[in-house]
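Chemist: Go by the hints and put chains B, C and D with the ligands onto chain A.
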Amino acid sequence: MDFDTPLAEAWIRAIAAAVEKEHSRLTELDTAIGDGDHGSNLRRGFAAALTALDGLQPAGPGAVLTKTGTTLISKVGGASGPLYGKAFRAIGTALPEPAGPAAVAEALSAGLDAVRLLGKADLGDKTIVDAWTPAVAAFRAAAATGAGLPAAAAAAADAAERGARDTVPLQARKGRASYLGERSIGYQDPGATSTALVFRTLADVTA
Amino acid sequence: MDFDTPLAEAWIRAIAAAVEKEHSRLTELDTAIGDGDHGSNLRRGFAAALTALDGLQPAGPGAVLTKTGTTLISKVGGASGPLYGKAFRAIGTALPEPAGPAAVAEALSAGLDAVRLLGKADLGDKTIVDAWTPAVAAFRAAAATGAGLPAAAAAAADAAERGARDTVPLQARKGRASYLGERSIGYQDPGATSTALVFRTLADVTA
Amino acid sequence: MKKLINTPESVLEDALAGIAAAHPELTVDVPNRVITRAARPAGPKVALISGGGSGHEPLHGGFVGPGMLDAACPGEVFTSPVPDQMLAAAKAVESGAGVVFIVKNYTGDVMNFELAAELAAEEGLEVRTVLVNDDVAVEDSTWTAGRRGTGATVLVEKTAGALAERGAPLDEVAALGERVNAASRSFAIALTAATAPAAGKPGFDLPEDEIEVGVGIHGEPGRRREKLRPARELAAEVVETVLADHHLTPGDEVIALLNGLGATPLLELYVVYGEVAARLAERGIAVARSLVGNYVTSLDMAGFSLTLTKADPELLELWDAPVDTPALKR
Amino acid sequence: MKKLINTPESVLEDALAGIAAAHPELTVDVPNRVITRAARPAGPKVALISGGGSGHEPLHGGFVGPGMLDAACPGEVFTSPVPDQMLAAAKAVESGAGVVFIVKNYTGDVMNFELAAELAAEEGLEVRTVLVNDDVAVEDSTWTAGRRGTGATVLVEKTAGALAERGAPLDEVAALGERVNAASRSFAIALTAATAPAAGKPGFDLPEDEIEVGVGIHGEPGRRREKLRPARELAAEVVETVLADHHLTPGDEVIALLNGLGATPLLELYVVYGEVAARLAERGIAVARSLVGNYVTSLDMAGFSLTLTKADPELLELWDAPVDTPALKR
Ligand SMILES: Nc1ncnc2c1ncn2[C@@H]1O[C@H](COP(=O)(O)OP(=O)(O)O)[C@@H](O)[C@H]1O
Ligand SMILES: Nc1ncnc2c1ncn2[C@@H]1O[C@H](COP(=O)(O)OP(=O)(O)O)[C@@H](O)[C@H]1O
Ligand SMILES: [Mg+2]
Ligand SMILES: [Mg+2]
Ligand SMILES: [Mg+2]
Ligand SMILES: [Mg+2]
Chain A
1 MDFDTPLAEA WIRAIAAAVE KEHSRLTELD TAIGDGDHGS NLRRGFAAAL TALDGLQPAG
61 PGAVLTKTGT TLISKVGGAS GPLYGKAFRA IGTALPEPAG PAAVAEALSA GLDAVRLLGK
121 ADLGDKTIVD AWTPAVAAFR AAAATGAGLP AAAAAAADAA ERGARDTVPL QARKGRASYL
181 GERSIGYQDP GATSTALVFR TLADVTA
Chain B
1 MDFDTPLAEA WIRAIAAAVE KEHSRLTELD TAIGDGDHGS NLRRGFAAAL TALDGLQPAG
61 PGAVLTKTGT TLISKVGGAS GPLYGKAFRA IGTALPEPAG PAAVAEALSA GLDAVRLLGK
121 ADLGDKTIVD AWTPAVAAFR AAAATGAGLP AAAAAAADAA ERGARDTVPL QARKGRASYL
181 GERSIGYQDP GATSTALVFR TLADVTA
Chain C
1 MKKLINTPES VLEDALAGIA AAHPELTVDV PNRVITRAAR PAGPKVALIS GGGSGHEPLH
61 GGFVGPGMLD AACPGEVFTS PVPDQMLAAA KAVESGAGVV FIVKNYTGDV MNFELAAELA
121 AEEGLEVRTV LVNDDVAVED STWTAGRRGT GATVLVEKTA GALAERGAPL DEVAALGERV
181 NAASRSFAIA LTAATAPAAG KPGFDLPEDE IEVGVGIHGE PGRRREKLRP ARELAAEVVE
241 TVLADHHLTP GDEVIALLNG LGATPLLELY VVYGEVAARL AERGIAVARS LVGNYVTSLD
301 MAGFSLTLTK ADPELLELWD APVDTPALKR
Chain D
1 MKKLINTPES VLEDALAGIA AAHPELTVDV PNRVITRAAR PAGPKVALIS GGGSGHEPLH
61 GGFVGPGMLD AACPGEVFTS PVPDQMLAAA KAVESGAGVV FIVKNYTGDV MNFELAAELA
121 AEEGLEVRTV LVNDDVAVED STWTAGRRGT GATVLVEKTA GALAERGAPL DEVAALGERV
181 NAASRSFAIA LTAATAPAAG KPGFDLPEDE IEVGVGIHGE PGRRREKLRP ARELAAEVVE
241 TVLADHHLTP GDEVIALLNG LGATPLLELY VVYGEVAARL AERGIAVARS LVGNYVTSLD
301 MAGFSLTLTK ADPELLELWD APVDTPALKR
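Chains as they are written, first to last, in our numbering: chain A, 1 to 207; chain B, 1 to 207; chain C, 1 to 330; chain D, 1 to 330.
Please keep in mind that the hints were generated in silico from the structure rather than gathered at the bench.
Mixed in with the good hints there might be a few duds.
[Claimed, not checked] For the chain B half of the interface with chain C, some residues (derived, Cβ under 7 Å), not all of them: (1) Thr27; (2) Thr31; (3) Asp35; (4) Gly36; (5) Asp37; (6) Ser40; (7) Ala79; (8) Pro169; (9) Arg173; (10) Arg176; (11) Ser178; (12) Tyr179; (13) Ala207.
Cβ coordinates follow ideal geometry from the N, Cα and C atoms, glycine included.
Next up, chain A with everything else stripped away, as it sits in the complex (with noise of 0.2 Å):
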């Protein structure tokens, strides 16, 4: 199985389905931490993504994320705007066609690395990179071992899904829950959560 056209449209439907269902979950982790509008945020930016889709006769499987990435810097605003925006890009500009495990490993990993190249934020900084890296590795190290696409990113889900848990017990050091110092302590990181979604749903439509 490959990462075609049809699988890139699948998955984002797939993740605006899944922020319509948590939005308010998103929302009341960044009520806690932040200022509540992380779940209305992705929420926004998502229903405006599916719309730009349906427009779209896009060239390939990497068409779809560009845009997607262009849509929710547009759309979003707040931080997750930006960085969901500029991750969805690099994703989609690094996606090769057809595009196997390895090269989709690739291109998540690029996708971090424009988060982390915009947001400079650490590993441990409670932020969306603490789901998102466990994530990048665990989807590479199933792929160099031989996995299709639906076991990689389980892999990367549950790690992804584990890094978002482990944000908990975190001081934030950067985002708004950073103004809360150790106030910031014993929530669990609205944005870590949203990734964790992106990257269960990506398992979803894979399996």
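Modeler: Below, chains B, C and D with the ligands without anything else, positioned relative to chain A:
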């Protein structure tokens, strides 16, 4: 027993003490159908009246009450300031020295006239007039049948309290409570209640 | 009660100290509780004096300055000022052309300004009184103390102030004030009650999903209680209520004041004003000028009032005239 | 949640419609979410553009006009605007002298303005960015996203706006903005939490007798919780906190902004300002200019922030320069 200067002073001090004790009840009544300041208004006014008395060598009981009225006018504000102020000024001006029950009845009735002249309220409008009117009538009736000050004042106090209680079912037609229309029904009028205090203290100091 | 105060008794005095510190262009006589312009007008001019209970800021002190009031007399919170204040103010700002008292129609305000006018007359001052009673929530009948004075006060003080600044005589300034009041109607809706410092608790309890319709600015409940609805519907109800009592016909011009009651964010006021403007447009009423913000407040009450004043070229010219006060500048 | 809105999703659009109706002196591009001056400045002039999440009104749209901003880009409530808005604004107001972005230091704002600057550069526009980070509640360390931009934004926009109006070149205007930011410190205390429409509930729960100290303007909790105390003590604490981080010596002059967070009555703000002025006087700090009111708000949050900017003759001259915007006129 005549209404002399010491009695006049004792009355004002007794009113001040009663208002100090009851101000939060008066304010609560005013919160229900007014703007929640009747208690603090009278408290401020009678505290100032006491200070004014301390500095005073009164020419007679009338001077004590006139001075009190003037002080209320310049310290209270709101509706009750001018009303009680004019009333005490009128009582003081009308009071001969020495004054027996009949003369005091006339003076109190002059006070009621002053209230009605300034406030233009009729009996039943749910104002201080509803306590003041029966009080004056009871005082005059008692004096006419030869009662002394204590008996006349006690009758007036009972009548004032009845009059205040009887404002509960009334719809206010004057003052702030009138803005509530029918919603003013079912509450006791704060001003009528403070008027009852004024007459009860007179009974106490003459008893 | 959660308030930024020292003690309920000292609120007025403490606020006056702050006003004095914040506004060198004003002179604040704290003991007498009178706010005047630091710079006296050159030559004789009709002196405009207003006042009322505190808790409605920026009214009235925030409107003292060239082009508007000469003096303001703040009473205790929700309690009209005492005659001595108005007398002191009149003596301070009278410059030989007479004095106009601008009085919101509340029993206490009317009585205290009336006594002040008597005292001022005894001192040989010429005084006219303009009564403001624009709140259509109260029907003006023998069953009430008459309509309350609310938002129209700002329009009366601004336009009469502009006319006085031009050197118009006493009776003309008073007549203009009365004309503007007569051309104005207001109505208010509250989402929450106000808490007077002395009372220490809200004037009424309002469930999370209910509003008070037809409230005044002294924390008293309104005429009735309703369910909270979208801004569009509330704006439509308020516009209809005001227009029902107004003598306006399509094509008429108005000055619209969308006023916040104290605790309502400007963002929400703009949402409401957008709906108000749309409703008025549908009715063919042209908004010639508008003012959106907190001008006649009721302490920490959340909600809004709408005031519509029928405009004409003279009123618009006076409305547009220069004004330099803490709360209104042009 | 009790708000004067239609739906949480439409708040920004509905408010923009109201701003457009209320302010003919502004041009509101609702689809692009850009607010500009209706009257373009004559001849080339450095264009000042600011923006940020909504819910801080009158910031930023209320500061668009002669002597201050050329354009404002309002984002969703508490959400920074998107790059497209700043690009559209820059194209609309650029007049050949370059563009200055005034950006409050929040991760989202910084990123979106950064992307906008890249896009603008690609279109051949000269852009400088002034970052505002005045909130001493956040220590500026690798442990945080850096200090938040709050009250100082008003001073930066006013003074840089005045300098731009005089025809100063791009780098000078940007440098002045940075200088004013560097000379400013702020600190805030909240009595109640803010409720974002999309969240539907308060950002934090605060008991009736407690306050949040060191809060920002996005509804997030502060650095710590304390008991509510008299205004005198709260003012003293805020003054001390600001001065502790400020390089001021007795005899220095400051511009003081006592800012309401949205739901605080002006009466209370004046009480607090009286105490602030007294504490500053004790410390020998002279308040050369002051501003008291709601300028950088946080929806319906009750509380206040104090901003002190070290003044000098140039800053005072720019502060006093004419300005004609909805929220600030001179
Ligand atoms: N510098 C950063 N690098 C990576 N992720 C970040 C950074 N800053 C914030 N984030 C992520 O963004 C999330 C918040 O997104 P969102 O609430 O949509 O934006 P905002 O914080 O502007 O309201 C945080 O939970 C965090 O995971
Ligand atoms: N026109 C009037 N005539 C007589 N009494 C009046 C009149 N208007 C109001 N009152 C009395 O004044 C009382 C309210 O006094 P107070 O609360 O001190 O003044 P305010 O209403 O100005 O706040 C009412 O309860 C009523 O008894
Ligand atoms: Mg957020
Ligand atoms: Mg009262
Ligand atoms: Mg009162
Ligand atoms: Mg946000």
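Chemist: Tell me, in ascending order, the numbers of any earlier hints that this structure violates.
Modeler: 8 and 13
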